[in-house]
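Participant: Residues per chain are reported as follows:
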Amino acid sequence: MNFIPSTETEQEDLLKEVGVSSVRDLFNDIPDSVKIDKLDVEEALTEFKVKKKLEGLAAKNKILKSFVGAGSYNHFIPSVVDHIVGRSEFYTAYTPYQPEISQGILQAIFEYQTMICSLTGQDVTNASMYDGASAMAEACIMACSISKKNKIVILKSVHPDYREVVKTYCSAYSIKLEEVEEVSADEKTAAVVVQNPDFFGRVTDLSKIKEYIGETLLISGVIEPTSLFVLKEPSAADIVVGEGHSFGNGMNFGGPYLGIIATKDKFKRQLPGRIVGQTTDTEGKRGFMLTLQAREQHIRREKACSNICSNEALCALAATVYLSYVGKSGVNLGDVCLQRAHYLYNKLLEKGFSKVFDAPFYNEFVVKLENVRELHSQLLDKRIMAGVLLEDYYPEMKDCLLFCCTEMNSKEEIDELLGAL
Amino acid sequence: MKLIFEKSVKGRKAIEFDLEVLKQEGLLDEGLVRKELDMPEVSEVDVIRHYTALSRRNFGVDNGFYPLGSCTMKYNPKINEDMSRLTGFTQLHPLNTFNQGALQLMYELEKDLCAITGLDAFSLQPAAGAHGELTGLMITKNYFEDKGENRKIIVTPDSSHGTNPASATMCGFDTVTIKSGADGLVDVEELKKQLDSNVAAVMLTIPNTLGLFEKDIVKISKAVHDNGSLLYMDGANMNALLGIARPGDMGVDLMHINLHKTFATPHGCGGPGSGPVGVVAKLKDFLPNPSIVLDGDYKFSNNTKSIGKVRAFYGNFNVLIKAYTYIKSIGRSGLRKVTENAVLNANYMKEKLKKEFDLPYDMVCKHEFVLSDKGVPNEVTTNDIAKRLLDYGYHPPTVYFPLIVHGAIMIEPNETEGKKTMDDFILAMIKIKEEAKNDPDLVKSAPHTTVVKKLDGVLAARKPILKYSK
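Here the protein sequences come in this chain order: A and B. Taken in order, the first sequence gives residues 0 to 420; the numbers are from numbering that gives the first Met the number 0. Taken in order, the second sequence gives residues 0 to 469; the numbers are from numbering that gives the first Met the number 0.
No lab work stands behind these hints: they were computed from the structure. Only a predicted model underlies this, so the values are computations on that prediction, with no experimental measurement involved. Hints are supplied without guarantee of correctness; some may be wrong.
Claimed, not checked - Pairs of lysine to any residue, SDA-like flavour, derived with a Cα cap of 25 Å: (1) B:Lys419 with A:Val22; (2) A:Lys207 with B:Arg33; (3) B:Lys469 with B:Ser7.
Use the sequences and the hints to build the structure in full.
Facilitator: Structure follows, in structure tokens:
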């Protein structure tokens, strides 16, 4: 395939204008010792063959009946989402540095910021982060910068991948990190990091945690954001981070996802990333532009509050379209997830699985059964992903399975799983 | 234009979800439940019309010429989009182990990136260029810690991207900035003065942000290596090197690539991008976990020396599909042609425009070049020119970067534009200069044809309104 419009004649014309006889002359500044003759890359395929190749690769993956969440959730994506995100005025544009010709994405992000603030009960948010885990890590750095302290306490019930990422960032930044079973904080602690609902699906009352830790900042992670449709907004937290891919973005084997970070108004100047603000033009008309840029790397360089530049704007656009479309029916969606998960949970208990926790849950829960690994693998042979084996993440949790239900798991599918046990 | 919230009609709905199971009451205590969900109430038609209208107030590569320097705004082939939407990819849960197609794609993409850069191993995990930089500097930090050396300094030229020093700070490094030489390049002697046992890495963008190749690269890398330091390359400008020269052969130890620039995956209004990190063999063990290995099947593998994870799961997989499709579509010869045409186009525009505008570094450029606003009549500035270009239907070049050029205008035409497009843009630039001379107010008050006029940035920052309130 060829995406280069210049004909040979045109190239000749250009060369003449530049004053060289061959394209090679334009590379005389590169030492011959580092030049190469050819790359060890296959020659081009025709469009037809490229399609066959990619379809072949896609077919090698098997899409299973899934009762797995654990950081990636199978939700319905209405057709409108892809039709809007697929408009190339959006997907072929760059970061909106020129607001006069970028009002489309700027207004959409402003709407996105409004929706995220409303869902999280926070005052300000940004135009997105890379994903939930890196947003959590950036929130830890932000908390240290706000509090001028250097220790983060993170609960073990936070998603293992997220804890890994927080650990990586904290190690780079020389922040002391403590993993704990129960919430605790001392005078050196910048922030306590929790996840709600946690990795095991348990729902907790954040205001009680905030009350307990007092002045210490509370960072709360929301990794299944449809929970926000039915659960109390996490306004008790000082910084809310989250994974927003459930809002209109596919599972995509783990990315791109949508990192959310939201906080109180008083911390807005410590918030990393792009932020869209409302303003007026020379004729007094409402318009939108990137603002508070004095926080950012292209202005502050080594003094910036983060190095983030590209974000996940198109994923944020998908979330905006999704949230507009779902609207107040989000309550209804959340209820479907909640009810079906409880339906499955109760049936599993009837089937001889045992309870592991007593806490309330939204759409994920843990149950236990002896030799469950064997059963799990038998079900995989039947193309059913029956939860996540928690022993792989928590060696002490032998025989425990983490299940998830969404609106995509119909009653029929749940009954099929139960029948296969 | 109204916001979606201002179009809300009480009771209007686009969708409902079917409960199917018997409703159980009291599953959650009152104290845990949300009281009100404040979301717009609109119909499907409302949603489509609203966001379609917004799309028409946006400008992408598909709308017109986008010579935004350092961003490589090339055409994004449509087949990439189609392939990324195959359900075998989009519906694949990251914990699904029936994933051989996905792993094979990632493995082969890593191999191609190794071949293109001359490096030994890649990780596809970083989500963007700056994320790749951060990952690269974490690798640098861990590498020296592992060797028992305490090196705290990153050296970078004054022409570098702002993300370079910002990423260094996030890894606890101090940045030392060196002044570019009179020719816009790194002065090897100046660099040597900064090199001591405290320097962990030298970060260079190659070609640099003036669009110039570091002709002394071999001497530079030797000096860096003699000092026991690493040479990091910011690969944002890789579009200038494909099939011509490889960073690995130049002595680069580690680098990131922006797939959304060089490999034609779209920029998506600012993301998602993808910033894979490549390294030489001695740094391989420090790459993020997990890596992908071929051992009969394709498998994930964890290394104990790894820096850890920099995000959940494995990377912006859907973006990787597009870069993979692109490489397969144009192949070995196509990659070289990309660079040849990108560089030819840039030199053509440079030669034409330098007759009318100040070109501070007048030499053969690579994929981009930088003009200054010196000599533009009546104190018309770079920003004025950029805004006036909007009236001519163009996305302006990158402005005021790099910082070492007064009123920098950084132009990168890239290979997917033809002579006519470039000629029209050159004419527009010349016309704007004439306007600056004859009717400066016309230029200074631009833009005139856009949906909003010049916006008040001071107001936006002084009294931030960051969300809608009723």
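Participant: Which numbered conditions among the earlier hints are violated in the structure presented, ordered from lowest to highest?
Facilitator: none
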